[in-house]
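*Asks:* Kindly produce the complete structure, drawing on both the sequences and the hints.
So the protein sequences, as listed, match chains P and C. Heads up: the first sequence is residues 1 to 589, going by this note's numbering. Heads up: the second sequence is residues 1 to 350, going by this note's numbering.
Each hint can be trusted.
Straight-line Cα separation of at most 30 Å, BS3-like style, residue types lysine-lysine; simulated pairs:
#1 K39/P to K92/P
#2 K396/P to K324/P
#3 K498/P to K158/C
#4 K435/P to K23/C
#5 K160/C to K500/P
#6 K500/P to K158/C
#7 K2/P to K539/P
#8 K500/P to K161/C
#9 K23/C to K498/P
#10 K146/C to K435/P
#11 K185/P to K376/P
#12 K23/C to K482/P
#13 K283/P to K310/P
#14 K283/P to K236/P
#15 K161/C to K435/P
#16 K146/C to K500/P
#17 K236/P to K300/P
#18 K435/P to K70/C
#19 K92/P to K482/P
#20 K300/P to K277/P
#21 K70/C to K500/P
#22 K283/P to K468/P
#23 K190/P to K587/P
#24 K14/P to K500/P
#25 K160/C to K435/P
#26 K160/C to K498/P
#27 K277/P to K324/P
#28 K161/C to K498/P
#29 K498/P to K539/P
#30 K23/C to K539/P
#31 K178/P to K396/P
Keep in mind the hints are simulated off the structure, nothing from the lab. As the structure is a computational prediction, the values presented were derived from the model and not from experiment.
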Amino acid sequence: MKPTDDKNPEYFHKVVDCQYACPAHTPVPEYIRLIAEGKYTEAYMINWESNVFPGVLGRTCDRPCEPACRRGRIEEEPVAICRLKRVAADNKDDVKSLMPQLPFEGNGKRIALIGGGPASLTVARDLAPLGYEIHLYDEQEAGGGMMRSQIPSFRLPIDVLNEEVNYVLDMGIHTQFKTYVSSLKEILDKEYDAVFVGTGAPRGRDLIIPGRQEAAENIHIGVNWLASVAFEHTHKIGKKVIVLGGGNTAMDCCRTSRRLGGEQVKVVVRSPFAEMKASPWEKEDAVHEDIQILDNHVPKVFVVENGKLKGMTFEKVHAVFNDKGKRSLIPTGEPEVFIEADDVLVAIGLENTFPWIEKETGVDFGEWGMPIVDAKTFQSSNKKVFFGGDAAFGPKNVITAVAHGHQAAISIDLYCREKDLTERPSPFTNLVSQKMGIHEWIYESEVENDHRYLVPHAAKSVTLSDRKMEVELGFDVETALKEARRCLNCDVETVFYKDKCIECDACVFICPTQCITFTTNGEEEDLRTRLRAPSLNLKQDLYVSDTLPTQRVMVKDEDVCLHCGLCAERCPTSAWDMQQFLYKVTKAG
Amino acid sequence: MTYIRSQFRHPGLPVNELGYTTKEYEGALSTLCAGCGHDSISGCIIQACFEMSVAPHRIAKLSGIGCSSKTPTYFLGNSHGFNSVHGRMPSVATGANMANRDLIYLGVSGDGDTASIGMGQFVHVIRRNLNMVYIVMNNGCYGLTKGQDSATADEGSKSKKGSVNPFQPIDLAGMALELGASFVAQSFSGDKEQLVPLIKAAIDHPGFAFINVISPCVTFNNNPGSTKAYDYVREHIEASATIDFVPAKTEITTKYADGTGTDIELHDGSHIHLEKLAAGINPYDRLAAMNALQNARNNHEILTGLLYIEPESTDLHHTIQSSDRALNSLGQEELCPGAEALAGINEGFR
Ligand SMILES: Cc1cc2nc3c(=O)[nH]c(=O)nc-3n(C[C@H](O)[C@H](O)[C@H](O)COP(=O)(O)OP(=O)(O)OC[C@H]3O[C@@H](n4cnc5c(N)ncnc54)[C@H](O)[C@@H]3O)c2cc1C
Ligand SMILES: Cc1ncc(C[n+]2csc(CCOP(=O)(O)OP(=O)(O)O)c2C)c(N)n1
Ligand code: SF4
Ligand code: SF4
Ligand code: SF4
Ligand SMILES: [Mg+2]
Chain P
1 MKPTDDKNPE YFHKVVDCQY ACPAHTPVPE YIRLIAEGKY TEAYMINWES
51 NVFPGVLGRT CDRPCEPACR RGRIEEEPVA ICRLKRVAAD NKDDVKSLMP
101 QLPFEGNGKR IALIGGGPAS LTVARDLAPL GYEIHLYDEQ EAGGGMMRSQ
151 IPSFRLPIDV LNEEVNYVLD MGIHTQFKTY VSSLKEILDK EYDAVFVGTG
201 APRGRDLIIP GRQEAAENIH IGVNWLASVA FEHTHKIGKK VIVLGGGNTA
251 MDCCRTSRRL GGEQVKVVVR SPFAEMKASP WEKEDAVHED IQILDNHVPK
301 VFVVENGKLK GMTFEKVHAV FNDKGKRSLI PTGEPEVFIE ADDVLVAIGL
351 ENTFPWIEKE TGVDFGEWGM PIVDAKTFQS SNKKVFFGGD AAFGPKNVIT
401 AVAHGHQAAI SIDLYCREKD LTERPSPFTN LVSQKMGIHE WIYESEVEND
451 HRYLVPHAAK SVTLSDRKME VELGFDVETA LKEARRCLNC DVETVFYKDK
501 CIECDACVFI CPTQCITFTT NGEEEDLRTR LRAPSLNLKQ DLYVSDTLPT
551 QRVMVKDEDV CLHCGLCAER CPTSAWDMQQ FLYKVTKAG
Chain C
1 MTYIRSQFRH PGLPVNELGY TTKEYEGALS TLCAGCGHDS ISGCIIQACF
51 EMSVAPHRIA KLSGIGCSSK TPTYFLGNSH GFNSVHGRMP SVATGANMAN
101 RDLIYLGVSG DGDTASIGMG QFVHVIRRNL NMVYIVMNNG CYGLTKGQDS
151 ATADEGSKSK KGSVNPFQPI DLAGMALELG ASFVAQSFSG DKEQLVPLIK
201 AAIDHPGFAF INVISPCVTF NNNPGSTKAY DYVREHIEAS ATIDFVPAKT
251 EITTKYADGT GTDIELHDGS HIHLEKLAAG INPYDRLAAM NALQNARNNH
301 EILTGLLYIE PESTDLHHTI QSSDRALNSL GQEELCPGAE ALAGINEGFR
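*Replies:* And the structure:
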């Protein structure tokens, strides 16, 4: 293999698994260390810079970082990264004075944002301090998009949302709420310098099977119903509720139903339990609230008697996979199942729709009625119009919307300054030695053995009777400290200086997880078979040195390195050093 | 601050026949200087015992005094151990072995511990062909007492402070050959590919197995001009052959079917396979080995590898016809056979 170019920041970036997996590349280990030091405000600000909604995300994030966490490959569970973020938000002091302060000197450019969800709010936050005049349109009565209309208050208290939405809106954003934009052309006619479309994926899919029309009164589209609950138009539901679908919307629908009078709430899903789209923790929470999940049931008919919904019938199926791993659901041949219901919530998916974007605006659409958007610049076929969030590539999650927002803001700024959009700013990076003494490092190098701590929940009797009562109580600071210490500090990198190495093998033998091997070079596939421990995780890189005096190379498999620093402590010549690597995605401006 | 080694290990570590990973063969965290050759030898001992699937409680580690003699704390933490007096490891090993012949005896010593204060014990344990592995971690100095020249320091070798050693060195491998050792090898702490199979073969050998391992002292004897420094050793090393230890149960036919190299069959059906044997070397020929060693020395080379082996070695128990069973397994009846038996013995003297 060629020697690893560790001067290229992307190499060490990839070693920080959580940060690398985070769509907004939040510097996770950096804020976890700050939490361990009790520096909640600083930890919050690191998050706020990267992801704009630390309090919201600390409760609701889809947390792609956690399955990526190295700790999960070393013991059973990853670090509770997401819930630690909440600790920063819960315990911070004043942060507003640390944010960009008005007034911002105007640059004469005006930008329209359509939709007020996380994507648009991120664009607003990045561009307002640069002097852009931002006009935000949303049909809802307040900002936040689906964070407000969809995510229920028992998962995300409204105060937390308001606080973080307002940090953005208070930057002098011109808001036009309760304003549905019915024509992009009209907006373009207002001569904005650029337009950002962050309208999300607003339409819930319907289920057209016999009985749908007759029972219409008691059949609700999940997202519409949740929004109606959130905006206090709907206050109750029948005792017996069927929720159709297996995603996160279905989980929010069933749990909300339990709080609005639903006693026998059943989630009925076509696919097998293990393949449901909902996150494992959401399924657990639903089951904990006495919600039954019936898998492998395909809806057939809405049963109506005397013009009123009685229930539904389902066909039982099982999943069969062909050679290519494609799944089909085959009827088992058992008799159809009837389930009683007073109300049915349909939560079988979201769709994008852009009836308000006219052909003549020059915004072209491709397959599935989705706009044609550049995946890097987020620019559409009309150079002035940018997309982001769920509107760009279909329904995802808040953190992805934020990441899109940052990139779109960079593009809009480049566009307004007539620069090349494809020349993206390089990330800010820094690599600092952690050495203080022979056995002393600036970071806490000792690896804790503790298993993951659970976030305490409020009693079910309390939470089920109050839809706004938050279920999760968050970590107290003592538990947070213990959980924070589980972090392996993967951003404290093992940096190898080949010219100093005397090939004494001290690092090889001290490494608890047998990461380091000195051997003759070879192609990656071959090298991986010759390392001290099995090297099967191909997603993790090998760190390979240039040829040493004995004609061998140093090969380090990054996979399960504990970042414990023992290699560097053992090395007599400091050929290894532990260096903290900071990687920040550059923002607009 | 870490003086603590994490308890986490690589989740995919292979297990041996006993179901153990290398973790079960580790010891406490070493307190030797970072980069000390002795730590690498400890690593090789761990690797060899793991690969041979020896049960840790079947091994007794014995040592004298010195940095080298401290190492048994840093490997085989689940085995028996005795850290004895300076230069007295062989007599403790002899006593232990006489009392319990069923354990594997692994003696660890230094060049000071063996070639100076312990020389008297060393020569006698060889002479008796005690069934044990005797490893000298040879750094040419007294590491523990701050680096004084030892009796194995080469004439003309320069110390860290610049003084030049005026005396002839004692060649421990040559001496072991001369005294009739039944297994003699030499190696380098920086060459695990060679050292691990040598340790395995030594453990398997039914008699006195001596391995002299050049093991640089990074702190006091790794300077330019020293003949035990990493750089010097690497430049002057000459392997007698590449070596592989093939345990009894393995089909040797598959790997070495081409018939190249030399196969040494051991008493239990295991094999030592030597490939690329250097000219003039014959592992069965004591005289040739002594010659090769002397020639290498004249050429300022360090000859490593298996130098000599006597596969049908007879150990001390055999020679003195001691009890076939370990003494600790003998019961009241065997130890005290009664008045009648005594009378029988007395009768024999009449
Ligand atoms: C039930 C449910 C639960 C969810 N839970 C989570 C969760 O726990 N964690 C997570 O990360 N993600 C969750 N999501 C997904 C997440 O809410 C979205 O991915 C995210 O909000 C998308 O952000 P956005 O900025 O693209 O658009 P949105 O948040 O969808 O905001 C779009 C805004 O645009 C407005 N709008 C649309 N069209 C127009 C128009 N023509 N004129 C004016 N205004 C318009 C809408 O009213 C809305 O306010 C959930 C989604 C649902 C449906
Ligand atoms: C009876 C006795 N005499 C002298 C000493 C002092 N002493 C301790 S270690 C040592 C030399 C050790 O040298 P070596 O065996 O080569 O071990 P190294 O530290 O080099 O590995 C000496 C002389 C002692 N501990 N006991
Ligand atoms: S920091 Fe060094 S010693 Fe620790 S696990 Fe990683 S490579 Fe091994
Ligand atoms: S401990 Fe240092 S000098 Fe020794 S092999 Fe490792 S990197 Fe090289
Ligand atoms: S003094 Fe020399 S022999 Fe002793 S531990 Fe240090 S390097 Fe090793
Ligand atoms: Mg010594």
